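Each chain, letter by letter, is given below.
Protein chains: 2
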Amino acid sequence: MKATIAIDIGGTQMRAAAYPIDSLEPLKVNRIPTQGTRLSPEERLSKLIESVWPEKADVLAIGAAAPGPLNPATGVVLSAPNIPKWENFELQQYIEKKFNTPAQIGNDANLAALGEWKFGAGRGHHHLIYLTISTGIGGGVIVDDRLLVGANGLAGELGHVTVSPGGPYCSCGRRGHLEAVASGPSIVRWVKEELERGMPSKLLSAKPLTPKKIAQAAHEGDELAQAAFERAGTFIGRAIVDFLHIFNPTAVIIGGGVSQVGELLFAPIREALPQYVFGPKYLEDLQILKAALGDDVGLMGALALTRDMLST
Amino acid sequence: MKATIAIDIGGTQMRAAAYPIDSLEPLKVNRIPTQGTRLSPEERLSKLIESVWPEKADVLAIGAAAPGPLNPATGVVLSAPNIPKWENFELQQYIEKKFNTPAQIGNDANLAALGEWKFGAGRGHHHLIYLTISTGIGGGVIVDDRLLVGANGLAGELGHVTVSPGGPYCSCGRRGHLEAVASGPSIVRWVKEELERGMPSKLLSAKPLTPKKIAQAAHEGDELAQAAFERAGTFIGRAIVDFLHIFNPTAVIIGGGVSQVGELLFAPIREALPQYVFGPKYLEDLQILKAALGDDVGLMGALALTRDMLST
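Line by line, the protein sequences give chains C and X. Each position in the first sequence, counted from 1, maps to that position plus 15 in our numbering. Each position in the second sequence, counted from 1, maps to that position plus 15 in our numbering.
Honestly, the hints are just simulated from the structure, not real lab data. Only a predicted model underlies this, so the values are computations on that prediction, with no experimental measurement involved. C-beta: ideal position from N, C-alpha, C; glycine also. Hints may contain errors.
[Unchecked claim] Taking lysine-lysine and the PhoX-like style, the derived pairs with C-alpha atoms no more than 25 Å apart in a straight line are:
hint : chain 1 : residue 1 : chain 2 : residue 2
1    : C       : K100      : C       : K112
2    : C       : K113      : C       : K71
3    : C       : K133      : C       : K227
4    : X       : K100      : C       : K296
5    : X       : K296      : C       : K100
6    : X       : K228      : X       : K207
[Claimed, not checked] Which residues of chain X face chain C? A few of them, derived with a C-beta cut under 10 Å, are:
hint : residue
7    : N45
8    : P48
9    : N167
10   : R253
11   : F258
Construct the complete structure from the given sequences, taking the supplied hints into account.
Spelled out as structure tokens, the structure:
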């Protein structure tokens, strides 16, 4: 049997799975914390890969989704949040040497787009935008059936476009980015500010305040909590309009923890589109979709990468 | 000899030229006004094509750059500024039937990007952004050696991204677009407003006020005129930063009449980049370039389109 191995490297945990080349049923799966006291992250990754290595299959390719800026062409991770030692780390080469198997790496949000396109909500679309709304806001773009990576693999940073010039500071240090007004922590920050301004809400007693608690309060009819998601959704919708003018896709797929709140976020997104779009043609064939792959999106993106490796 | 014919259809004039398939030296060139009293625009176009048809060459392909939204996949012009009759007009099919020759059409700014990439300032780059700053602001993007057209050919509308939410109205009816703050007419509008506010300037006596007069006054040291280009350049630079985060290109090419003012516009563009970019890696391999093809960019883009037709 022939197989490939997919890896999803997060700041807190790493997951890996081996798949036959013609099936989405994994042969083996495993996960471990990214950080440990004894071994380095790359040594822990090695152990993890060994643990899912199938005994009775040839492994033809290994694909890894990793956080932070990286260059898929050179295989180098420039830096990785929560893995301080991975500064200009040759991740692809490390895996290839260790396992004597071709490997490729990709930015996690970019590969999530690839995964949703190949196996999830985006199947059948040739042009799509993927956004993950979570602690940060990441993105990925499929243009004409190909993942947009850019000259050095840094493309698709859709959370770092300016939607509110001079607005709140972003995690990246710049101001007014989409991530700075619509990510989970940005929603929390806005609710805190409104509470401090004296806005009434049941969230006043919620300590610590989290996106999940705001979502629950919103579902229970709390107006401030609902306004928080409406505000975030409107910003996301306005950013999507820019992406429509830039990419003219047929699907926008929205995933990530914050998107779990559902219609409270999706309704203002959909409402913003006709309000801001510059021609109705952009909306005619457009679908706004919930991501389908959930927590598996990183693994499935890495799997999609290995399938691409085999087909080229 | 084998040849192709390139056409550049503008709102005021149409140009056409026949080129050998291995040379940029035209065999024949001609131009006519787009509008006339006796013949329809498409009949005038027909005459123009006939006038450049080479006697001693086989014409293998015809490519046409046309203004306004169009679908290169179906060959249909959805609408064209200044050519009101071209509403859902099957331009590609019209040319193909009339001349029994394969034809393709493309949006003028998109094809200008293709032309600059293949024959102009963008040669050798695999990922580039092209912006034309003129009466409007148009754009085109090369991603991995291919023109970005999107699902229905409507991609690359880089002038219609929002850089100033709630800002001035755009020609498209929306607000705060790049075109609404940095195109020629937008620069004129801003100068007029400043003059009305009592700002001192030699432009007070310039009637009618034009981008050209503002450029001349700026070159002569007029502070208001200089501030007008600095403001426009800063907006353009901020939009480019978003495009860097989205596309990670190695070149941004800026053309169009307003860009002729040179450093007065390019300096604030360049200054904005490090100020707003979210990581220095985006600037390391980046070149900000003046367009090289001038008035020929539409023809050269259409020529590039015909060369693509022959190679696929």
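* Asked: Of the numbered hints stated previously, which ones are contradicted by the structure, given in increasing order?
  -> 3, 7, 8
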